[in-house]
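There are 2 protein chains.
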Amino acid sequence: MNLARLQTPCLVLDRDILQRNIERMRERMQALGVSLRPHIKTAKSVEVARLIMHGGSGPITVSTLREAEYFFAGGFADILYAVSVVPGKLDRVRGLMNAGCDLKLILDDAATAAEVANAGRETGATFKVLIEIDCDGHRAGLRPDDPAVTALAKSIHESDGIEFLGLMTHAGDSYSSRTTDEIRGHAAREVLSIVSAAGRIAAQGIPVPIRSVGSTPTASFVDDLSGISEVRAGVYVFQDLVMVGLGVCKLNDIAMSVLTTVVSHKRDHQRLIVDAGGIALSKDRGTAEQALDCGYGLVCDAASGIVIDGLIVSDVNQEHGLIGSSERELDFSRFPIGSQLRILPNHACMTAAAHECYQVVAGDGRVQDVWQRCQGW
Amino acid sequence: MNLARLQTPCLVLDRDILQRNIERMRERMQALGVSLRPHIKTAKSVEVARLIMHGGSGPITVSTLREAEYFFAGGFADILYAVSVVPGKLDRVRGLMNAGCDLKLILDDAATAAEVANAGRETGATFKVLIEIDCDGHRAGLRPDDPAVTALAKSIHESDGIEFLGLMTHAGDSYSSRTTDEIRGHAAREVLSIVSAAGRIAAQGIPVPIRSVGSTPTASFVDDLSGISEVRAGVYVFQDLVMVGLGVCKLNDIAMSVLTTVVSHKRDHQRLIVDAGGIALSKDRGTAEQALDCGYGLVCDAASGIVIDGLIVSDVNQEHGLIGSSERELDFSRFPIGSQLRILPNHACMTAAAHECYQVVAGDGRVQDVWQRCQGW
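Residue numbers (this note's numbering), protein chains in the order written: chain U, 66 to 442; chain V, 66 to 442.
One or more hints might be untrue.
Partial selection, computed: residues in chain V whose CB lies under 10 Å from chain U [as the list claims (entries may be wrong)]:
{"#": "1", "residue": "Arg157"}
{"#": "2", "residue": "Glu197"}
{"#": "3", "residue": "Arg208"}
{"#": "4", "residue": "Pro212"}
{"#": "5", "residue": "Gly342"}
{"#": "6", "residue": "Cys422"}
{"#": "7", "residue": "Gln424"}
These are computed hints drawn from the structure, not numbers from a lab.
Computed from a predicted structure; not experimentally measured.
C-beta atoms are modelled at their ideal positions from N, C-alpha and C, and glycine is treated no differently.
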């Protein structure tokens with residue numbers, strides 16, 4: 066089927082670019098000698114995960130229990146749920162474990178660990194946990210040099226109902242880097258924070274089998290992963306405008322775009338209006354602080370997927386996107402009402418989130434497949 | 066069921082507040098002597114639409130054909146699809162019409178009108194259309210004084226396969242008003258733009274039965290709707306922080322919130338981390354330009370729904386919300402890990418969009434019902 070036959074807005078996924086992005090990261094991790102535990106919160110698709118995994122059953126990373134349930138049902142067994150667990154979610158966790166899922170949890174708090182251990186003892190389960198380390202002040206986790214890290218590891222190690230598996234961190238601040246050297250600095254901090262904290266724990270005679278770091282920027286530039294057992298990265302499979310702004314990839318590495326239709330010519334304002342708005346594109350403004358602010362997305366020719374110079378999605382309402390031009394006179398005849406465009410996303414994870422499926426296209430631009438996505442929590 | 070039993074994040078909808086918001090707008094429109102055509106893109110729920118409609122089958126407004134299909138299946142027949150139609154969507158439009166749906170379309174372009182008329186003649190259908198008028202330069206539509214308006218109405222009126230039903234406009238710029246007087250100005254412009262353009266069309270002997278205006282801000286403050294046949298408004302059923310900032314409502318008029326769980330205490334940064342992030346809350350920053358910037362939402366006690374002074378969602382990642390405090394020392398003991406909070410949304414339409422259903426609570430705070438939502442396109 067041709068793109069022209071699709072109802073818009075919808076997601077278009079270029080299989081060749083996807084495959085290239087997957088291979089590039091796989092080769093990088095193989096060269097660095099570590100396991101890759103892809104964060105599938107970007108794609109939320111078993112088909113994409115299978116391409117990454119070459120038919121393996123993991124390891125993968127998820128951001129919600131709904132994803133864990135969906136991917137376990139899709140054949141993935143080794144799953145890290147990378148948002149701090151709370152006692153109210155342990156029933157669902159146990160449901161997955163009882164069904165055979167090797168689900169791993171994270172936390173950063175002694176009282177929570179005690180509650181998890183209690184719940185484990187009460188139900189005859191042993192919950193596997195990693196301690197979250199905060200390498201850059203970005204979000205959650207304990208600072209690597211906080212004595213609470215070793216104390217927590219020791220307490221988990223010595224408790225029934227809970228098992229200490231290791232440490233993980235995420236250099237979220239790498240997304241606001243200005244140079245690739247800055248990204249390398251974040252990567253080094255990720256590694257150092259885990260290796261140093263793991264060393265102190267190991268010195269207590271407690272094994273730290275999983276030493277997990279990662280983000281797409283740091284995974285793309287790190288050159289020494291000594292002491293690290295696995296890398297997590299997500300958005301690299303699709304890439305996006307934020308990653309282009311960071312120098313992680315080029316525009317033609319972006320595998321996912323939103324197909325949209327021109328619905329109005331606003332001649333007095335020199336702008337096009339399309340049917341991809343704030344829901345279809347997301348309101349993520351991740352490029353706002355970068356050198357090139359891409360508004361709500363860059364505009365591409367629908368058939369070729371090549372960026373059209375000077376066009377940008379300058380504003381969005383719920384179901385309207387407003388496309389402005391840097392030219393004084395927009396040539397409306399190039400973009401008739403009813404014609405299609407593609408929009409490259411600022412942040413692929415957020416843009417994909419509103420959509421139920423991907424229209425998968427091959428090099429010839431024809432739709433070869435429809436891949437469903439997991440949504441909700 | 067108690068809220069404490071719910072898996073988070075999820076939407077909580079207070080049925081009493083919802084009912085009060087619905088009644089207030091209904092009474093307002095009755096007093097002004099016009100029909101209300103609610104925009105159900107906010108709620109996307111047949112249950113909410115039934116409460117608004119008192120069991121009637123319309124009129125309603127939708128923003129996608131998926132909504133039109135969903136609400137028609139739910140018993141609503143008189144539907145205005147309020148995004149410019151394009152020829153590629155007419156097959157779905159005709160499917161609805163053939164099934165008995167009284168679907169009305171909008172457009173603002175002569176060439177598109179000719180294509181729609183052609184499609185009508187070819188398939189034996191008569192597509193009903195309104196012309197979109199641009200009253201404030203906000204989005205799409207023809208300026209009310211543009212001679213193209215009357216010419217387009219005349220051409221549609223004289224064509225087979227298409228029927229001219231009237232004019233519609235939306236004062237989208239009312240959302241950036243600083244005072245209620247400004248909103249009244251937008252309301253007056255909405256009315257004037259439709260009445261003036263309709264007058265010129267009627268002077269050509271062409272009937273203009275539908276003269277449609279509206280937005281929640283203008284509908285809340287307009288005091289003269291002479292010459293207008295119907296008002297469209299959507300977010301008033303739920304209200305949100307943008308509407309509070311505009312003076313349209315008070316905080317305790319907000320019917321919808323996101324229930325979330327505290328997952329981490331980030332003591333070194335004096336912030337809480339919750340499991341409602343950019344997907345569950347949306348990345349809408351509609352209050353950013355208002356007098357009170359609410360970040361990504363205000364934080365409420367989960368049980369009472371009352372705002373907790375000084376707490377704000379200051380940042381979001383995909384599945385993490387970061388809550389900061391205006392106090393120097395955040396009292397973490399008030400918000401244990403595992404405890405719940407509710408977040409009031411900046412923009413209810415965008416926040417609701419990511420969720421599959423509403424947990425409907427009554428005055429006693431117990432969940433009485435689960436109402437499904439329509440998603441996608």
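Now the hints, each set against the structure:
1. Arg157: Interface hint status for Arg157/V: holds (7 Å vs cutoff 10 Å).
2. Glu197: 8 Å, holds
3. Arg208: Because about 7 Å separates Arg208/V from the closest Cβ in chain U, which is inside the 10 Å limit, the hint holds.
4. Pro212: Pro212/V check fails; min Cβ-Cβ to chain U is 13 Å, beyond 10 Å.
5. Gly342: This hint holds: Gly342/V lies near chain U, its Cβ roughly 8 Å from the closest one there, short of 10 Å.
6. Cys422: Status holds, d = 9 Å.
7. Gln424: 12 Å, violated
Hint check: violations occur at hints 4 and 7; the rest are consistent with the structure.
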